[in-house]
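Residue numbers (the working numbering), protein chains in the order written: chain A, 1 to 205; chain B, 1 to 453.
Hints listed in this document are in silico derivations from the structure and should not be mistaken for laboratory results.
Positions of the beta carbon are idealized from the N, C-alpha and C atoms, including for glycine.
Among the clues, some could well be false.
Said to hold, decoys possible - Covered, in the sense of this in silico footprint (three residues per stretch, anywhere, with C-beta under 8 Å from a C-beta of chain B), are these stretches of chain A:
#1 128-138
#2 158-168
To be verified - Label-pair ranges, simulated between beta-carbon atoms:
#3 Arg103/A x Glu276/B: 19 to 27 Å
#4 Arg380/B x Asp96/A: 22 to 30 Å
#5 Val390/B x Ser163/A: 32 to 40 Å
#6 Ile427/B x Ala84/A: 23 to 31 Å
#7 Asp96/A x Glu276/B: 16 to 24 Å
#8 Arg411/B x Gly81/A: 52 to 60 Å
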Amino acid sequence: MKRLPLLLLSGLVAVAFAACGGKQPETTPTPTGPNADSLRAAQQAHDDSMKAAQEEADRRAQAEAKRRQEIADSLAAMGRGTEAVKTLLATMIHFDYDKALIRGGDASVLDQKVAILQANSALRIRISGHCDERGSDEYNLALGNRRATAAKQYVVSHGIDASRIETVSYGEERPLAPGHDEESWAQNRRDEFEILSGGENLKQP
Amino acid sequence: MRRLFLGLAVLCVGPTVRPSGAQDTSAIDRGVRIGIVYRPGVRPGMVVLPVHAAALDSVRTIMSRDLDYSDRFELITLPGGDSIRVTTAPTTRPATGGAAAATTLNYPLYQALGADFAVGVTPGPGDSAIVTVHDVAAGGVRREVRARLPALKDPGFRLVVHQLADRVLEAALGVGGTAATRILFVMDGKVYTIDQDGADQKLVSSSDHQAMSPAWAGDGRRFSYMEFWQGHGRLFVQEVASGKRAPVATTGQALDFTPAFSPDGKTLAFSRATEEGTDLYTVNFKDGCCLQRLTVGRFYDNLSPTYSPDGQRIAFVSTRAGLPQIYVMAADGTDPQLFAPFDYGATGSSNAPEWSPDGQTVAFHRDVGGTLQVFVLDVRTRAVRQLTSVGRNEDPTWAPDSRHMAFVSDRSGYRQLWIIDVETGRIRPLLQKSGARLPAWSPRLPETASSTP
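Turn these sequences into a full structure, and let the hints guide you.
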């Protein structure tokens with residue numbers, strides 16, 4: 001629409017020029033062909049499509065990279081999950097001197113272990129009871145046994161099958177802290193939790 | 001006072017002395033009451049005569065120490081040390097051996113030095129030694145003992161000398177000694193044996209498993225102990241002579257610990273910890289059968305059995321009243337009752353009982369103000385007496401004379417083994433090493449118990 005009057009006008013100008021110029025050779029209007037505008041437009045279109053294609057390629061590459069990253073991330077996350085669960089599972093609980101009662105603060109530690117055991121049905125663990133050096137050497141075997149059993153009873157009472165938990169006692173034979181003061185003793189009065197089997201791929205509860 | 005008492009007493013035994021050939025003359029004394037009996041605070045003087053044969057020097061040294069450690073004599077050092085030989089030379093009748101020669105001892109002179117007995121060691125024919133026990137007050141030879149002496153480097157040498165020392169004690173005072181005994185103990189998770197005089201320490205447990213609670217059989221030829229096996233406690237019985245050991249059947253599936261032989265040597269009592277708690281069991285360890293449960297605690301623990309010497313009763317630890325205390329029951333598990341009295345809520349935990357070989361007392365340790373002390377319970381009166389007060393003292397074990405006791409103490413700054421004479425209160429360290437614990441004193445060892453390969 002816009003180009004038509006422009007074409008008409010250029011024709012009229014040519015006619016007027018011929019009329020004024022005497023003999024007027026029969027001329028045909030020069031073929032207009034693609035003019036600068038259209039060339040520009042075509043170039044523009046080409047560029048546009050090239051750019052779009054490039055953008056598409058970039059986008060796809062990015063998506064691929066992102067997907068790969070996500071896979072890598074999720075694998076790492078799985079590994080981290082097993083490690084995190086293992087750390088959680090290995091968290092020790094501690095006892096008062098000559099006592100085998102689960103302390104209030106340690107109940108939540110045992111709750112975590114219940115959740116882990118529920119989320120990982122193949123997991124089997126061993127609980128070992130330990131004592132500080134103050135009591136009698138042989139009596140401490142019985143006391144450590146009470147401590148391991150107390151933790152097991154707690155876990156079993158929260159719905160875990162008893163056959164998945166083994167208990168042992170080492171009395172005061174395997175201290176963690178070597179000192180002869182309350183700080184060391186408090187660390188040594190403990191239950192340890194170790195994985196017997198089914199600990200390869202642990203799910204977060 | 002002492003001189004008078006002893007002088008009167010030895011008069012009675014004078015006639016039993018009979019010169020004879022170089023034989024063990026114990027048969028002559030058999031059935032004769034020895035006039036001297038031990039009185040606390042009155043210890044007869046004893047001289048161990050110098051020896052002339054260099055080979056017998058170590059015999060004299062070991063024997064002197066044994067006699068000193070018996071805590072029954074006042075050992076007298078001769079003025080001028082060993083340089084003075086207060087006897088005439090044994091040259092008069094060498095053909096008849098040492099007896100005749102020894103009778104030439106200058107008895108009045110030794111009496112003046114305060115000696116009631118004198119012991120001489122002389123070489124006998126071959127590789128034997130003759131030990132002569134002189135009764136100074138009676139002015140004659142009380143007894144002669146001959147023994148074949150193994151070579152000095154033979155592992156059985158020391159035991160033979162210890163046995164000679166015990167025979168000297170028996171000849172002089174008519175009581176059994178403790179020289180020929182050893183003590184088992186645990187150090188760094190391994191079981192060791194050591195002679196009662198602190199010599200000849202040897203490793204006897206062979207595995208890498210952590211070991212605890214050694215205990216002797218009544219014949220001194222075997223002992224038992226516990227080892228941790230994958231969280232379980234397994235009991236073993238090991239022969240002294242061969243060093244061979246065998247696991248006790250039915251043990252090792254739970255936490256089995258504190259083995260104790262019955263006096264007849266057929267049964268092993270022990271503690272077993274399961275999820276039901278800790279209870280006492282017995283097993284016929286020879287045939288590997290007949291596991292019997294003696295206690296059913298469920299809500300309390302029963303552990304650390306020790307047989308009375310007649311095998312009729314077992315003293316043990318129970319937490320039925322809360323804190324662990326010493327109880328007693330029939331050997332089949334019936335009729336359990338409190339043994340060592342305590343004040344509920346006031347008396348501390350009591351643990352590690354061991355019945356004395358004479359049956360009259362039970363030693364144990366009890367928490368006193370946050371530390372442990374050794375106590376003895378009089379079985380007849382049920383009276384309890386505190387024996388120690390310096391440092392932390394625990395895990396007492398009786399010598400076969402029911403008078404000496406080994407225990408763990410930190411009185412020197414670190415935990416190690418000590419020996420106390422309950423009669424006199426005299427105390428000595430058994431070894432100078434930190435970490436030795438859970439001692440078990442042997443009965444008098446048979447001669448074949450030597451570790452000669």
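Against the structure, the hints come out as follows:
Beta-carbon proximity to chain B at under 8 Å applies to 6 residues in the stretch 128-138 of chain A; the threshold of 3 is reached and the given coverage holds. Coverage of the stretch 158-168 of chain A by chain B holds in this model, with 3 residues showing a Cβ closer than 8 Å to a Cβ of that chain against a need of three. Arg103/A and Glu276/B have their C-beta atoms about 23 Å apart, which keeps the hinted 19 to 27 Å range intact. Taken as a hint, the range 22 to 30 Å is violated for the pair Arg380/B and Asp96/A, whose Cβ atoms sit roughly 39 Å apart.
Hint check: Val390/B to Ser163/A, Cβ distance near 51 Å, so the stated range 32 to 40 Å is violated. Taking the beta carbon of each, Ile427/B and Ala84/A are about 56 Å apart, not inside 23 to 31 Å as hinted. Range check, Asp96/A to Glu276/B: about 23 Å between beta-carbon atoms, so the 16 to 24 Å window is met. Taken as a hint, the range 52 to 60 Å holds for the pair Arg411/B and Gly81/A, whose Cβ atoms sit roughly 54 Å apart.
Hints 4, 5, 6 from the earlier list are contradicted by this structure; the remaining hints agree with it.
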